[in-house]
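Going down the list, the sequences are from chains A and B. In terms of the working numbering, the first sequence opens at residue 31 and continues consecutively. In terms of the working numbering, the second sequence opens at residue 31 and continues consecutively.
Calculated directly from the structure, the hints in this document are not laboratory data. It is possible that part of the hints are untrue.
It does not matter which identical chain is meant; a pair holds if it fits inside one copy or across any two.
[As the list claims (entries may be wrong)] Think about it this way: if two alpha-carbon atoms lie no more than 16 Å apart in a straight line, the pair counts; the simulated EDC-like pairs of lysine to aspartate or glutamate are:
no., residue 1, residue 2
1, Lys310, Glu395
2, Lys249, Glu140
3, Lys310, Glu394
4, Lys115, Glu140
5, Lys328, Asp152
6, Lys217, Glu244
7, Lys135, Asp262
8, Lys135, Asp118
9, Lys373, Asp262
10, Lys259, Glu379
11, Lys328, Glu306
12, Lys249, Asp118
13, Lys115, Glu166
14, Lys91, Asp214
15, Lys94, Asp271
Values in this document were obtained by computation on a predicted structure and should not be read as measured data.
There are 2 protein chains.
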Amino acid sequence: MLYFDHGATSYPKPKNVIAGMIRALEDFCANPGRAGHQSALQASREIYDAREVVAGFFNIKDPKQLIFTLNCTEALNLGIKGVLKSGDHVITTSMEHNSVLRPIKALEKEGVENTIIQCNKDGSLPLEKVDQSIQENTRLIVLTHSSNLTGTLMPIAEVGKIARERGILFLVDAAQTAGLYPIDVEKMYIDLLAAPGHKSLLGPQGSGFLYIKEGLYLKTLKEGGTGSKSQDFVQPDILPDRYESGTPNTPGIIGLKEGIQYIQQQGRENLLRHEESLVKYFLQEVSKLDYIEVYGPKDCKKQSPVVALNFRGMDSSEIAYILDSVFNIAVRPGLHCAPLAHKTIGTLEQGAVRFSFGYSTTMEEVAKGIEAIKTIGSEL
Amino acid sequence: MLYFDHGATSYPKPKNVIAGMIRALEDFCANPGRAGHQSALQASREIYDAREVVAGFFNIKDPKQLIFTLNCTEALNLGIKGVLKSGDHVITTSMEHNSVLRPIKALEKEGVENTIIQCNKDGSLPLEKVDQSIQENTRLIVLTHSSNLTGTLMPIAEVGKIARERGILFLVDAAQTAGLYPIDVEKMYIDLLAAPGHKSLLGPQGSGFLYIKEGLYLKTLKEGGTGSKSQDFVQPDILPDRYESGTPNTPGIIGLKEGIQYIQQQGRENLLRHEESLVKYFLQEVSKLDYIEVYGPKDCKKQSPVVALNFRGMDSSEIAYILDSVFNIAVRPGLHCAPLAHKTIGTLEQGAVRFSFGYSTTMEEVAKGIEAIKTIGSEL
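Generate the whole structure from the sequences, applying the supplied hints.
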């Protein structure tokens with residue numbers, strides 16, 4: 031199989047990720063923070079280590095501000111619902127994933143207003159609209175770092191600066207970028223950072239996190255046993271306990287740590303350069319084909335390693351089906367859980383075929399993908 | 031290490047659980063339900079298989095009514111907060127875990143009333159109080175199947191019958207029993223069943239589920255991408271999608287399935303008989319020691335395989351520390367995230383030392399545990 035669906039989840043995982051998970055399952059998967067015996071303490075220490083590794087990667091000073099979650103969606107829900115209350119206003123964009131749009135729409139019923147900034151046809155954000163959308167009751171700006179449809183990279187540091195200057199909280203959805211692009215929560219004025227563990231961070235499904243800026247106090251999504259202040263009925267204030275009720279996904283968290291360590295060994299910038307070169311080559315070749323319409327910035331420096339395209343007039347699912355069944359190539363068709371993004375680029379009816387590359391994708395694989403596209407095109 | 035902390039998490043896991051997770055990670059960990067290519071479809075099918083296996087184990091007719099969660103705490107939060115709204119009344123007991131008490135207490139602020147039934151000193155439920163606690167606005171009864179402190183088994187079928195007759199929903203917390211005791215959602219009138227995957231179901235940490243009776247419509251805890259009805263801003267109604275936003279923990283879910291298959295191969299009743307015999311022997315021996323106070327029913331037929339005890343007058347953490355450091359025995363001291371249960375049995379100050387046994391515990395190990403207790407006792 032040629033796997034061009036890294037935007038959904040990276041595959042295969044680095045060997046050390048799986049090895050780390052096996053080690054966790056076999057050697058110390060007692061319940062962390064729930065007892066004082068050696069195995070439980072080891073689990074606690076290993077999770078703390080993982081917290082330090084993840085925090086360090088994003089320049090998060092205090093690892094306790096990092097909350098492990100099931101996935102990025104949970105992290106986004108915690109960030110959005112933890113901050114916003116009736117009477118507040120939130121700003122986001124038309125390029126967001128449903129994991130941002132649906133919680134924000136659900137909050138409308140509870141009296142939270144929203145403004146969804148219409149992005150440009152290539153997915154880019156008209157920066158001046160951010161400023162224009164700010165109201166007196168604006169409490170939060172939620173912005174994806176990169177569209178999961180077109181890959182369009184968003185100016186998060188610039189938006190972060192505006193938010194900070196205006197006293198507004200800033201939540202970044204790093205679903206498509208964490209692990210590959212530099213993200214520094216201090217320099218980029220990020221108050222809340224949500225990310226999945228299983229995409230470019232190369233960890234397993236079942237892992238993700240939310241960073242919460244020190245001093246920021248969120249409403250909890252869930253309450254329960256934390257192994258701390260057990261005599262209290264009220265969820266404790268101490269972090270990360272406050273937001274991490276119940277038994278954590280110990281093997282998943284260890285796998286996430288191993289994913290980051292793999293990236294650090296390879297060099298994040300090297301991986302980025304490699305993936306940029308794949309996108310550059312792919313864009314260059316498909317742009318020559320007059321029956322192909324490519325969406326997004328069409329510039330490997332302006333988009334994460336995903337490319338959305340269509341065969342003119344053909345349903346995206348049909349193309350994906352042919353790629354899969356005839357060429358054994360895995361891509362993702364359809365709406366990608368981002369309806370407004372499709373409306374923005376004009377593909378709400380047709381959907382789009384998304385090619386997304388990853389750390390393990392080779393130039394030869396991309397070449398085979400291009401060949402397959404040409405073969406399909408020659409038979410149209 | 032002698033591992034007597036199965037009540038926190040089962041350890042070690044059966045070999046097939048780890049093998050199943052490795053298979054998932056290596057062979058088909060594409061993103062289920064997010065694309066139509068073969069690897070994504072295989073992930074979807076494997077998760078559906080797992081859903082069928084888990085559902086079948088609890089006599090859940092429609093696997094789609096089974097919602098995979100991060101842990102039992104998330105399942106309980108979804109069940110409790112999904113059902114209750116301002117003006118409702120909920121009944122629970124003093125033997126519940128903080129994963130039940132804390133969400134219920136958090137809902138007080140939103141106008142949800144509660145009654146916490148005071149249990150007897152051995153943790154048992156005075157059944158007549160259930161009926162007496164029902165009000166006109168009672169919407170839900172939440173009951174643990176077994177106390178995580180004393181092991182006391184609760185009459186869930188009887189309480190379920192009362193609830194059904196009175197038109198009240200019934201949520202069972204099966205954290206300490208799922209996998210070991212027979213649970214039939216139909217026969218026991220269970221409308222909502224919450225369980226962790228990583229205790230007696232022998233799956234990995236990071237897995238758990240909530241069963242929701244057909245036709246019961248809950249408020250969501252989280253909204254996001256579901257891979258279905260992507261054009262809608264509103265969370266879809268179809269199950270399990272409605273309650274499973276974002277990428278699932280595919281390897282964890284496969285591990286949970288493998289855990290259940292291990293139980294089915296061994297025979298659930300055989301495992302139960304084995305663990306009952308361990309408790310019987312342990313209770314028999316420690317009851318002879320006049321410096322030991324044992325809590326709970328003191329009857330292997332009336333308690334799940336956990337035994338709470340104290341060395342008279344000594345702090346539970348001190349005893350656990352000695353067991354760990356001198357004898358390499360892992361137990362859990364302290365409050366076990368169940369403050370009212372400790373108040374009920376009279377150990378809120380002292381805490382208690384919990385010995386909890388599991389499928390892999392042998393009679394020889396229990397004998398060594400008893401020897402250790404006697405050695406400590408002889409030096410008091």
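Review point. Within a copy, between copies, both or neither: where do Lys91 and Asp214 come within 16 Å Cα-Cα?
Key: within (10 Å within a copy, 49 Å between copies)
Review point. How would you label the pair Lys115, Glu140 (within, between, both, or neither) given a Cα cut-off of 16 Å?
Key: Close inside one copy (8 Å) and across copies (13 Å); limit 16 Å.
Review point. With identical chains treated as interchangeable, where does the CA-CA distance between Lys249 and Asp118 reach 16 Å or less: within a copy, between copies, both, or neither?
Key: Within one copy only: 14 Å inside a chain, 22 Å across chains, cut-off 16 Å.
Practice item. Measure nothing new, just compare the shortest in-copy and cross-copy C-alpha distances for Lys310 and Glu395 to 16 Å and report within, between, both or neither. Key: The answer is within: 14 Å in one copy meets 16 Å, while 62 Å across copies does not.
Check your understanding: For Lys310 vs Glu394, is the C-alpha pair at or below 16 Å within one copy, between two copies, both, or neither?
Key -> within (14 Å within a copy, 65 Å between copies)
Review point. Checking Lys135 and Asp262: alpha-carbon separation at most 16 Å within a copy, between copies, both or neither?
Key: Result: close only across copies, 10 Å inter versus 34 Å intra.
Review point. For the identical chains here, do Lys328 and Glu306 meet the 16 Å Cα criterion within one copy, between copies, both, or neither?
Key: Answer is within: at 12 Å inside a copy they meet the 16 Å cutoff, but 66 Å across does not.
Review point. How do Lys94 and Asp271 come out at 16 Å by Cα distance, when the copy is not named: within, between, both, or neither?
Key: Result: close within a single copy only, 9 Å intra versus 32 Å inter.
Check your understanding: Are the CA atoms of Lys328 and Asp152 at most 16 Å apart within a copy, between copies, both, or neither?
Key -> Within one copy only: 8 Å inside, 69 Å across.
Check your understanding: Which holds for Lys217 with Glu244 at a C-alpha limit of 16 Å: within a copy, between copies, both or neither?
Key -> Within one copy, since 15 Å is at most 16 Å while 50 Å is not.
Review point. For the identical chains here, do Lys259 and Glu379 meet the 16 Å Cα criterion within one copy, between copies, both, or neither?
Key: Result: close only across copies, 13 Å inter versus 53 Å intra.
Exercise for review: Using 16 Å as the alpha carbon limit, work out where Lys373 and Asp262 are close: within a copy, between copies, both or neither.
Suggested key: between (49 Å within a copy, 12 Å between copies)
Going down the numbered hints, you'll see the structure goes against none, and every one checks out.
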